[in-house]
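Asker: Going down the list, the protein sequences come from chains A and B.
Mapping to this note's numbering: the first sequence position 24 is 24, numbers consecutive.
Position in the second sequence counted from 1, then plus 428, gives you this note's numbering.
Just so you know, not all the hints are guaranteed correct.
[Unchecked claim] Below, a sample of chain A positions facing chain B; criterion: calculated Cβ distance under 10 Å: (1) 7; (2) 11; (3) 55; (4) 89; (5) 136; (6) 196; (7) 249; (8) 252; (9) 270; (10) 290; (11) 304; (12) 305; (13) 330; (14) 348; (15) 352; (16) 367.
[To be verified] Below, simulated DSS-like cross-link-like pairs (lysine-lysine); rule was C-alpha separation at most 25 Å, straight line: (17) B:584 with A:423; (18) A:44 with A:228; (19) B:565 with A:423; (20) B:754 with A:135.
No wet-lab data here; the hints were simulated from the structure.
Cβ coordinates follow ideal geometry from the N, Cα and C atoms, glycine included.
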Amino acid sequence: MSRFEKRENPQLEESYLHLTHESGLEIYVIPKRLSTYFASVTVKYGSIDSRFRLDGQEMAVPDGIAHFLEHKMFESEDGTDAFARYGAVGADANAFTSFTRTSYIFSCTDRFYDSLEILLEMVSHPHFTQENVAKEQGIIGEEIGMMNDNPGWVILFDLLGALYRDHSVRIPIAGSVQSISGITPEILHTCYDAFYRPSNMILAVSGDIDPERVEALVDKYFPAVPPKQVDRIYAQEQPGVVSKRVEAVMDVARPIFMIGCKDTDISPDPIERARKSARLTILLDAMFGPSSPIYSELYEQGLITGTLSHEYEHTAAFSFAQISGQSAQAEQAIDKIMAYIDKTVQDGLDPELFERAKRVSCAQNIRSFDSTEEIVGLFTGAALEDIEPFRLVDAFSAVTKEECDALAAGLFAPGSRAISLVKPGEEE
Amino acid sequence: MMQDIVIKEGLTLHYIETDKFKTNYFSVQFSLPITRQNAPLSALLPKVLMRGSEKYPTLTAINRRLDDLYASDIYGRVYGRGETQFFGISAGMLRDRFAPDGTRITDSVLEMAAELLFVPCLERGAFRGEYVESEKKQILGYIAAQKNNKRRYAVKRCEELMCEGEAYGIPTYGYPEDVEAVTPAQLYDFYRTVLQQARCELFFIGEADPTALAARLRTLFAPLGVAAPAPFACEVIRAAGEVREIRETAPAEQSVLALGFRTGCVLSDGEWHVFSVFSGLFGAFPTSKLFVNVREKLSLCYTCASMAEPHKGVMLVYSGLSAANKEKAQTEILAQLKAIQEGQITDEELQIAKNGVINGYRALDDAPSSLEGWYTGRAMAGIRSTPEECIEMAKQVTKDDVVRVARAVSLDTIYFLEAEEEEA
């Protein structure tokens, strides 16, 4: 008798199995008949977690350490690196760090359990030495250099610096060359011990997979350990921005603009947050998506190149939305968007646009089940926010226009907006 | 398994039946040998067609219709492969069974694709001037914005310089001055010619009744008058001459080194699976010699990788680094190539590279676009091997095979985009 709990969604024609392992690890197995298996171990530990209280003692660690740790987890005690071990069994591996998480992933078409074993082994066996830390400082220093030349990255962190006074979300994920120079094996161990605990991790796998074999491997690498008390410390942010406008000069062809909205209305209830995320998706798509009046106006008048992109992050620790584009006449584009936002807040969303955006969001949820990678991403995202995954999908169909209108009024409050601009240097 | 269905003389539907996706995929793919004249025209055409048809005359009308069809997408695209320019439209749509209200999504999307393709918005016997001018601006914007990504820019620039004077060196979107010069009448003439003379292939990947689908496409694509398509051609230069070294600067923090090689081997030779294993050993994977040595051992950079083009037979190695490390990195990259040429390959390294290549072949059928790309590439090379056959062939690759293809690789161009710290 399997200890996994099975859930089904008949409309999606999908199901999954869930188990909270003795160690505290959350396991999701999503069956899928595709050639590619996909797996991820996600640690609830990201770039914003640089201050915390561990067993009562307050710690402040260098910025960029979660990302540094991610790099270092690929090395093992015998000197081999995980890429080579994955390669030997035919898997393609990677990892990434964001504001709130560190994820270790692999995809393969064969020998899934061998690769899964490598994944579980690597995240449970850290190996840090003076020498390998120094070497990584060189590599990550070059990665930071590369990001500093990426206008999309620079404009985002400039914006976050304008939106947030103290919150660590304003710090670039990899930190700076200066901050990572302070990283030592000891600090890495402290952070590893604090956050790399099974109860702070999620395993999600998708493919033609036997859940019992997954559980057996988890038994082997994730013994039950006593929980540690880790409290993350985030700066309290008041509504309102630090500066309304920030500009940078870079070697870009045309100005790039990003309009950001800082949102401090964050519910402690995960279900309420999931509902709000669904509303944000629909609202932003209705307002700025390809069918929106502002997009066609800007495009037809030649005021943007490509699309108007829009994204948001809504987590327990912080929340913001941003709209961005490239424009030879950025000031005009920004003015038009700002006026459009004000008008939408005043008049409410066009009901037809709202219905369309809702329909689109439901269809996109269904489409995300065409790839094991997207499925694992969806389930991990839900687990990070403590939401039952199908409930996350269902949250979209319950959204009403009135909720979106109320959300717009709060999100786009005039004092919460800032503009970040990356401009080309003066023509000579 | 792919099935070829003749829609009419000269027009084939490549149909791959699968029920594993929640979506169906459809594409109309025109192709022409790339020339300086037709590059901007073939880049502009799909974009202008996607601006409006008689029935859906504006962007908003098109996008709203697509939303109503459950977020279906139809998009214009252009890409170069070898010395062939591919352009046309592609569509992804939810399968009908997932439409809660019984909308016939697939049929509606096919109909809409044909409408956009054959009944464009016209004025005075040509494309609407406003749409053409607006899309010219968009393309000029894309061309200019390429420098925003320094690594990609350096790779493109190296390829362009290396293949100067060869058709492969013509940029996919054309040169800016040629884009500027396009008139609505000229683009419309090009469109008429394309409909009558260009090679055209249809792809459908998903679930359909093939007979009914073919009948439907026969009606929808009646306006297409396909002539006997010209064979794909590509000038292959097997070995590099004297190495050229070019240095340019850009205001940036990090420099980019790009090395252009002639592979000495192309897909039509029937040995590309061996070259793929060589690439896996050399620079295509995080287990490759470049990553392991230039990045991990010497800590010189964050990225150091290779990628190869199988029709033209060129390979690019790129690395983002501090300018001071350029010579060191270049020496090490070339030393790693030499090591393979001299047979310094462990059994384990070989096996890892073969595993990676085989994994890539096996994963092909998980994305409609990779299947389409696979069969297009085979058609261009005039070979018919399936992914399954390539897996079997890759398994048989020996160290000697790899050494043999590695020895045919020659360095052609060294391009260095040197960062110049900008005063803020």
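Asker: If you check each hint against the structure, which ones fail?
Answerer: Violated hints: 1, 3, 6, 9, 13 and 14; rest satisfied.
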